[in-house]
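Asker: Heads up: the protein sequence lines correspond to chains A and B, in order.
Under the working numbering, residues 4 to 404 are what the first sequence spells out, in order.
Under the working numbering, residues 77 to 555 are what the second sequence spells out, in order.
Mixed in with the good hints, there may be bad ones.
[As the list claims (entries may be wrong)] Simulated pairs of lysine to any residue, SDA-like, Cα-Cα distance not exceeding 25 Å:
hint: 1; chain 1: B; residue 1: Lys481; chain 2: A; residue 2: Gly317
hint: 2; chain 1: B; residue 1: Lys481; chain 2: A; residue 2: Asn254
hint: 3; chain 1: B; residue 1: Lys317; chain 2: B; residue 2: Ala296
hint: 4; chain 1: A; residue 1: Lys28; chain 2: A; residue 2: Lys6
hint: 5; chain 1: A; residue 1: Lys315; chain 2: A; residue 2: Gln290
hint: 6; chain 1: B; residue 1: Lys455; chain 2: A; residue 2: Trp256
hint: 7; chain 1: B; residue 1: Lys435; chain 2: A; residue 2: His138
hint: 8; chain 1: B; residue 1: Lys481; chain 2: A; residue 2: His162
hint: 9; chain 1: B; residue 1: Lys403; chain 2: A; residue 2: Pro205
hint: 10; chain 1: B; residue 1: Lys435; chain 2: B; residue 2: Arg144
hint: 11; chain 1: B; residue 1: Lys455; chain 2: A; residue 2: Gln261
hint: 12; chain 1: B; residue 1: Lys481; chain 2: A; residue 2: Trp256
hint: 13; chain 1: B; residue 1: Lys424; chain 2: A; residue 2: Gly67
hint: 14; chain 1: B; residue 1: Lys455; chain 2: A; residue 2: Gln290
hint: 15; chain 1: B; residue 1: Lys435; chain 2: B; residue 2: Ser456
hint: 16; chain 1: B; residue 1: Lys447; chain 2: A; residue 2: Trp256
hint: 17; chain 1: B; residue 1: Lys481; chain 2: A; residue 2: Val164
FYI, nobody ran anything at the bench for these hints, they're computed from the structure.
These numbers come from a predicted model, not from an experiment.
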Amino acid sequence: MAKGIRDKVAILGMGCARFGERWDKDEDQLMLEAYEEAMADAGIEASQIDAAWLGAAFDAQNIGPSGIPLAVALRLPDIGVTKVENYCASGTESFRGAVYAVASGACDIALAMGAEKLKDTGYGGLPVRTRGTTHDMVGITGSAPGNFAQLASAYRGVHGVGADDLKRAMAHVSVKSHANGAKNPKAHLQKAVTMEQVLNAPMIAEPLGLFDCCGVSDGAACAIVTTPEIARALGKTDIVTVKALQLATSNGWEMQAQGWNGSYFHTTRVAATRAYDEAGITDPRAQLSLIEVHDCFSVTELVTMEDLHISKEGEGWRDVLDGFYDADGSIPCQIDGGLKCFGHPIGASGLRMIYENYLQILGRAGERQRQDSPVFALSHNLGGMPNQNVSSIAIIGRADA
Amino acid sequence: MSDFGILSFGAYVPITRLQRSAIHATNGWFAGGLRGLAKGEKAVANWDEDSVTMAVEAARDALDGIDRATVQRVVIASTTLPFADRQNAGIVKEALNLPDAVGALDIAGSQRAATSALLAALGGGDTTLVTAAEITTPKPASEREMTSGDAAAAVLVGAGTPIATLAASHSVTVDFVDHFREAGEAHDYDWEARWVRDEGFARIMTPAIAALLKKAGVDAAAIDHFLVPVAVKGVPEMLAKKAGIGEGAVADTLAANLGHAGAAHALVMLAAALEKAKAGERILLASFGQGCDLLLFEVTGAIGSVKPRLGVSGWLARRIESTNYAKYLFHRGLLPLDRGMRAEHDSKTALTALWRNRKAVLGLVGGRCTKTGTVQFPKSEVSVNANDHAVGTQEDYPLAEVPAKVMTWTADALTYSPDPPSYYGNIDFVGGGRMMTEFTDFAAGALDVGADLRMMFRIKAYDENRGFRRYFWKAAPAF
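Isolated chain A, as found in the complex (with noise of 0.2 Å):
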């Protein structure tokens, strides 16, 4: 494996709008809010930056094409501004090209925007999407719930758990993530929610009621990457680094050979095992200080526990139903409320999850800060579907772990 990436990029300063129904906001304005955060955080001028990077997934909804909005949005000195589309793993896309960027020495200090305006589409859920014009003629026009509540009727038939014990489980994911959310001011969803509640929600996508799936939000967050050099520099002391960056993309194994069992993320698995390497990271059950993952939907969230190598094959609803995952637990996934209650404005989502690790990791994270110093955190993001997806994770770190 190549030698990777592991300290050689520096967050200078991160930013995350206000998630939620955003009426009173365009995705400029959302994208402002999280860059002055940002750029505040970081004590520089927009002259400084070398280069940027715009996350964003649904272009007929919001943003449009090209990196000229982020471009206007903040009136950038005409520096190189590149969009990115990696279904939900798009705002971690944009924090790889920037960290990319100056991990190669092309770039001193670069920009990554994530942004989602999903409250203009007039309804709840996702935008129906296009997958092309042959894909369309013999894919399925399913929704997001849809295509992730099959992880439930595969895992349940692989693993033998029953359906109400998978539930109970998946539920439990949703009160925890609500319990965290209800302590962040940031979130678009601020109640706590108890176990009834969510065993007795409308069905969405069998089995996945109103409250197994994430919400739907506009939303922004912001990085600000340069060297561990250029960042002492500038003053900070502090220095959270970058320890891990890999994306996987399925092949099409999953969804047209007949190995895979429908039960899990191959890609996750992958990406885990290549980015825990790249980190230096050899038990990630006792090193990871705190995750967020994609929680799209608590089922998601769940089989992801297994894929990230935490909890064991089969066992993920078991630690879950344990509270290993809680926010008081051994690793707390989800500390800041999660996609389930910051919703899913899809380019936004992976630096929104970065954001909070780094708050985490530097102590900044008020009153649902996590006592025990964090280390080392984890991001995931997961695109597509169970049967073909984009799988990323970013790991980082206090630059002397």
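With chain A's structure known, arrange chain B on it following the hints.
Answerer: Same frame as chain A, but now just chain B:
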């Protein structure tokens, strides 16, 4: 005995049986006269079916165990063909994965379209697959709504070892307009039933039947199966009596449990008769419509050697009862429910891509790697085999007739479906191959991991902006 005749037969009846009492429960306040017809059930096509998809199923039923390469010509007869200008028989041909070197013909315009098509096939020399299908959309609260049903049938005609041969035929053509439907319109306009019965069925068919029997030199009493595909009760018996055909020969018109399937009904009844017929028996098929077509068949000793996969009786046994008249109306476009913004999704089809991928899309032909044996859908240049991404090694591998099993599934209430929730998931074909597809014809609660499946040719999406319909294959419960 001629070696040219009917080689095999099949049928198709949609799974849903709408209870006529449910129709009357809604419309009885307005059309009280329908009370007498509010008994039994009618077969109604699902939202994703049309005359083409039903003809495909009937053809598959007829071609079970038969080498499809023998088919030289494909015909579809219907007055409800989905396309006015795109060869409907051509779609049937692609769905059946027949070779390109076949002829094709659409026959329409009359209730006796199917018998006219069958007569033409019997008069020719080619091995011809004659399909007939009808999906009717009568006006709500009409008598026709009560009596009609949706169904299809198929007959393979050609040289070989026929199970029945044509002994004689007789046709009469007169412009007797008992009902009509303008091109492009959905609904029929009907004239008085008593006039149709007395001046139409009786006065036109009776002498024609006599002429046929005379031509054939067959005594009326020698008819074993008298098939009169008309919806009016008592007419077959009346015609039999006038002709001197024995009462016991009058065939069930399937009015009670299927309904009258328009132009397809003659072949549906013929398929039902062939299921029961014995060697040496005579079948008289009397089809009405601007005159009549009369076909007299003699059943050969080969009867029983070829059987449809299910036949009329098998399809009738596969049923889900429904009392949801509103759902039926919605699926026929007669009840404009608010479908929500998700239904606004544009389903434009790239005709270029459809042409390139026609075997995969219409024929469900996948690929099999000649090096590793890996089966996949769709076929691709580079194999999906995880251990050997062989390039350019794949041969065609038809999957439509391969049984499959449910690997994952969901019932999705969020995505737009005309029949919510939308059932879809990953399926594995027995022997290799996997795809994500929609499920159809499943009763609530019947779907689970490991369930056995059979692929069915269905409408995938309607492009309402351009009047196109996209076909693909869906997974139905095995049977």
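Asker: Hint by hint, say whether it matches the structure.
Answerer: Hint by hint, here is what the structure shows:
{"no.": "1", "hint": "B:Lys481 x A:Gly317", "verdict": "holds (23 Å)"}
{"no.": "2", "hint": "B:Lys481 x A:Asn254", "verdict": "holds (23 Å)"}
{"no.": "3", "hint": "B:Lys317 x B:Ala296", "verdict": "holds (10 Å)"}
{"no.": "4", "hint": "A:Lys28 x A:Lys6", "verdict": "violated (43 Å)"}
{"no.": "5", "hint": "A:Lys315 x A:Gln290", "verdict": "holds (16 Å)"}
{"no.": "6", "hint": "B:Lys455 x A:Trp256", "verdict": "holds (13 Å)"}
{"no.": "7", "hint": "B:Lys435 x A:His138", "verdict": "holds (14 Å)"}
{"no.": "8", "hint": "B:Lys481 x A:His162", "verdict": "holds (18 Å)"}
{"no.": "9", "hint": "B:Lys403 x A:Pro205", "verdict": "holds (22 Å)"}
{"no.": "10", "hint": "B:Lys435 x B:Arg144", "verdict": "holds (15 Å)"}
{"no.": "11", "hint": "B:Lys455 x A:Gln261", "verdict": "holds (15 Å)"}
{"no.": "12", "hint": "B:Lys481 x A:Trp256", "verdict": "holds (18 Å)"}
{"no.": "13", "hint": "B:Lys424 x A:Gly67", "verdict": "holds (22 Å)"}
{"no.": "14", "hint": "B:Lys455 x A:Gln290", "verdict": "violated (44 Å)"}
{"no.": "15", "hint": "B:Lys435 x B:Ser456", "verdict": "holds (12 Å)"}
{"no.": "16", "hint": "B:Lys447 x A:Trp256", "verdict": "holds (17 Å)"}
{"no.": "17", "hint": "B:Lys481 x A:Val164", "verdict": "holds (20 Å)"}
Comparing the model with each numbered hint stated earlier shows that hints 4, 14 do not hold.
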